[in-house]
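Could you put together the complete structure from these sequences and hints?
One line per chain: the protein sequences are E and G, in this order. So for the first sequence, the working numbering puts the first residue at 3; every next one is plus one. So for the second sequence, the working numbering puts the first residue at 15; every next one is plus one.
It is possible that part of the hints are untrue.
[To be verified] Pairs of lysine to any residue residues, derived as SDA-like cross-links and limited to a Cα-Cα distance of at most 20 Å, are as follows:
no.	chain 1	residue 1	chain 2	residue 2
1	G	K18	E	Q229
2	E	K149	G	R289
3	G	K18	E	L228
4	G	K18	E	L139
5	G	K18	E	R251
6	G	K18	E	P147
7	G	K18	E	I254
8	G	K18	E	M3
9	G	K18	E	P245
10	E	K149	G	F29
11	E	K149	G	A24
12	G	K18	E	E237
13	E	K149	G	L283
14	G	K18	E	D142
15	G	K18	E	V231
16	E	K149	G	I32
17	E	K149	G	Q290
18	G	K18	E	L148
19	E	K149	G	I26
20	G	K18	E	D248
21	E	K149	G	F281
Simulated from the structure, these hints should not be mistaken for lab results.
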Amino acid sequence: MPHRTFFFFMLPSSLAMLLFIFVPIFSVLYQSFWQPLPPIMGAVETCLSALLGGCSIEYQVVEIPDGVEFVGFELYTGRALLATEELRAAWADRLGFFSFIRDGVFNLPFYKALAFTLFYTLITTPFVIGLGLIVALALDNIWRPLKGPAIFASLLPFIITPLIGSLVLFWMTGQGGLLYDFFNWIVFWRDDFSLRASVPMTWTVIAVYGVWHVTPFAFVVFYAGLQTVSRDQLEAAMIDGAPRIDRFRYVIMPHLMPLVTFVLLIHLMDAFRVLEPIFGFNAQANAQSISSLIYDHLVLQNPSLYGSAAATSVLTIIMVGILLTPVLIRTWRDFRIAIR
Amino acid sequence: MIRKSPALVALIYGFAAIWLIMAAFPFVFTLLGSFKTELDFFGSDWRNVLSGKYTIEREGGYFTGIGYRLAFVQEGFWKAGINTLVVTICTVGISLTFGTLGGYALARSTYHYAFWILMIALVFRAMPHVTLVAGYKAPLFEYGIWGQTWVSIVVLVAINQPFTIWMMRSFFMNIPNELDESALIDGCNRLQGFWYVIMPVMWPGVITTGLFSFLLAYNDFTVTSALLSEQSATMVPTINSYLGTAQQDGIQMAAVAAVVSATAPLFVLIMVFQRQLVSGLTAGAVKG
Chain E
3 MPHRTFFFFM LPSSLAMLLF IFVPIFSVLY QSFWQPLPPI MGAVETCLSA LLGGCSIEYQ
63 VVEIPDGVEF VGFELYTGRA LLATEELRAA WADRLGFFSF IRDGVFNLPF YKALAFTLFY
123 TLITTPFVIG LGLIVALALD NIWRPLKGPA IFASLLPFII TPLIGSLVLF WMTGQGGLLY
183 DFFNWIVFWR DDFSLRASVP MTWTVIAVYG VWHVTPFAFV VFYAGLQTVS RDQLEAAMID
243 GAPRIDRFRY VIMPHLMPLV TFVLLIHLMD AFRVLEPIFG FNAQANAQSI SSLIYDHLVL
303 QNPSLYGSAA ATSVLTIIMV GILLTPVLIR TWRDFRIAIR
Chain G
15 MIRKSPALVA LIYGFAAIWL IMAAFPFVFT LLGSFKTELD FFGSDWRNVL SGKYTIEREG
75 GYFTGIGYRL AFVQEGFWKA GINTLVVTIC TVGISLTFGT LGGYALARST YHYAFWILMI
135 ALVFRAMPHV TLVAGYKAPL FEYGIWGQTW VSIVVLVAIN QPFTIWMMRS FFMNIPNELD
195 ESALIDGCNR LQGFWYVIMP VMWPGVITTG LFSFLLAYND FTVTSALLSE QSATMVPTIN
255 SYLGTAQQDG IQMAAVAAVV SATAPLFVLI MVFQRQLVSG LTAGAVKG
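In structure tokens:
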């Protein structure tokens with residue numbers, strides 16, 4: 003296709019991406035260096051009653067100025083983000099490595115959010131792929147007329163709005179709820195085992211939601227892969243007397259491996275921006291993800307903390323870039339081989 | 015084929031049954047619960063949702079429309095439904111138009127820059143939406159256009175683009191290049207060839223991509239909840255706003271009814287377009 007034609011065909015789409023994805027990156031970068039002017043403090047004499055002479059001089063906010071000031075990297079190093087000062091102080095206390103991590107690092111909002119996001123991403127990934135594979139194998143082998151309805155039901159957790167999906171589960175975790183009763187039946191040695199109160203349980207429940215939400219995607223991809231496994235190879239393996247487990251290991255799995263990589267890539271990208279379950283499970287007190295931290299600064303705080311939301315965004319974009327670098331390098335290598 | 019052993023068959027069906035219950039039951043349960051009173055659904059025993067103990071006692075029937083009445087009559091949830099309709103239709107229409115043109119160009123170009131555009135699109139696809147919203151919100155306030163529906167539509171279209179052009183490209187790759195060439199030889203220009211020759215065989219791909227654009231716009235929480243005001247809010251942010259005010263009496267049931275109402279169109283969508291959804295989910299995977 004000639005350059006000119008390509009340009010005109012590509013114009014609307016690339017203009018949309020340029021203006022509303024590329025430019026905002028610079029917008030957050032710019033915003034991350036500015037902060038509203040600090041409130042002006044001043045001595046104010048307040049008199050409770052003139053008769054008693056109860057006048058006192060108090061130091062308080064006299065004016066909240068309008069406008070912003072350039073603060074350089076202050077927002078990045080401040081307490082809300084990387085908190086270099088706090089970390090240095092905690093390290094200087096020499097509490098030992100474990101308590102430095104627990105009391106020093108995990109008390110800081112950004113590191114707490116980063117820890118949860120990484121936890122969610124890393125813990126859900128193997129379960130999504132494993133469970134997706136098992137579901138695909140099971141549903142591929144059921145009676146044919148049942149397959150259509152089974153796929154329909156399996157798609158529900160993935161297609162339905164994440165906020166709604168997490169709410170539907172959240173409502174079942176309250177005291178007397180179905181999931182609450184189920185877990186209390188499993189954990190029979192504990193009375194009133196709450197799924198909402200503690201930090202570890204909140205993290206676990208959200209991770210369970212994550213697996214439940216994404217497994218259908220992995221399942222559908224693997225299921226489609228199973229339909230294209232070469233029948234000839236399978237038959238040849240059978241004639242050679244390979245047991246079922248070996249046929250799975252040496253014929254089916256190698257065929258599915260590229261699909262595993264694909265699911266992995268998509269899931270890593272989506273899990274890293276996890277946001278809705280934090281609100282669906284009403285879990286902001288026990289779990290914040292990086293996205294929910296930015297959302298909190300941007301939408302829930304009044305007035306919005308544009309500066310720190312932007313600085314957190316910049317760090318997030320950098321982390322996504324690091325996450326994607328191996329993929330990009332690999333794709334570039336494949337592409338160079340392909341065009342040679 | 016060698017017959018499976020009974021133990022393996024039992025394992026397969028047992029596992030399939032457990033998974034299907036896990037996947038579908040929570041929605042069925044909530045659907046049933048939305049026709050109950052708050053005491054049953056949020057009460058001390060989930061079995062009341064099935065038996066309808068308090069609903070029968072207080073409302074005199076196994077089903078009650080009290081939650082729906084609250085949501086639609088008192089809270090005006092239908093307005094959010096109309097907003098969602100406007101936002102999704104506009105988003106799908108515009109992103110498909112842009113994405114079809116772009117995807118076609120990317121599928122037919124053999125130059126390096128086409129590859130780089132795809133790679134950049136992949137990076138854009140990976141960026142958390144909330145980081146983009148952080149870029150928009152302050153300027154939108156500055157220009158006084160925050161909270162307007164069209165702003166959200168434009169933003170959703172842009173966020174949709176990386177995904178749309180990737181998917182469209184993979185569908186166009188399936189259409190042989192010879193078709194274009196024969197159209198060009200017959201005297202069409204590129205645009206005519208695209209419109210009269212390629213598009214007629216491309217509709218399945220357009221429908222599939224459209225479904226996913228629809229889902230992205232319909233399911234979006236980040237953009238719509240951050241950029242829409244209360245009057246222009248779509249269904250998902252509206253549901254979220256009910257959660258914050260959960261203390262008011264009965265409004266929790268409005269949230270349940272709203273959740274079920276917002277799920278219903280998706281239910282129908284999966285039923286009608288199951289085949290296209292499955293092919294769309296795997297489109298990226300099979301061709302990489």
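Consistency of the hints with the structure:
1. G/K18 x E/Q229: Status holds; Cα separation ~19 Å.
2. E/K149 x G/R289: 12 Å, holds
3. G/K18 x E/L228: 18 Å, holds
4. G/K18 x E/L139: This hinted pair holds, its Cα atoms lying about 13 Å apart.
5. G/K18 x E/R251: Cα-Cα ~18 Å, so holds.
6. G/K18 x E/P147: Holds - the C-alpha atoms of E/P147 and G/K18 are around 18 Å apart, at most 20 Å.
7. G/K18 x E/I254: 17 Å, holds
8. G/K18 x E/M3: Outside the cut-off at roughly 53 Å; violated.
9. G/K18 x E/P245: Roughly 12 Å separates the two Cα atoms, so the pair holds.
10. E/K149 x G/F29: 14 Å, holds
11. E/K149 x G/A24: 16 Å, holds
12. G/K18 x E/E237: 15 Å, holds
13. E/K149 x G/L283: 18 Å, holds
14. G/K18 x E/D142: 13 Å, holds
15. G/K18 x E/V231: 19 Å, holds
16. E/K149 x G/I32: Satisfied, since the Cα-Cα distance of roughly 15 Å is no more than 20 Å.
17. E/K149 x G/Q290: Satisfied, since the Cα-Cα distance of roughly 16 Å is no more than 20 Å.
18. G/K18 x E/L148: 18 Å, holds
19. E/K149 x G/I26: Since the Cα atoms of E/K149 and G/I26 sit roughly 13 Å apart, the hinted pair holds (cutoff 20 Å).
20. G/K18 x E/D248: Holds, because 15 Å separates the two Cα atoms, which is no more than 20 Å.
21. E/K149 x G/F281: 17 Å, holds
Checked against the numbered hints above, the structure violates only hint 8.
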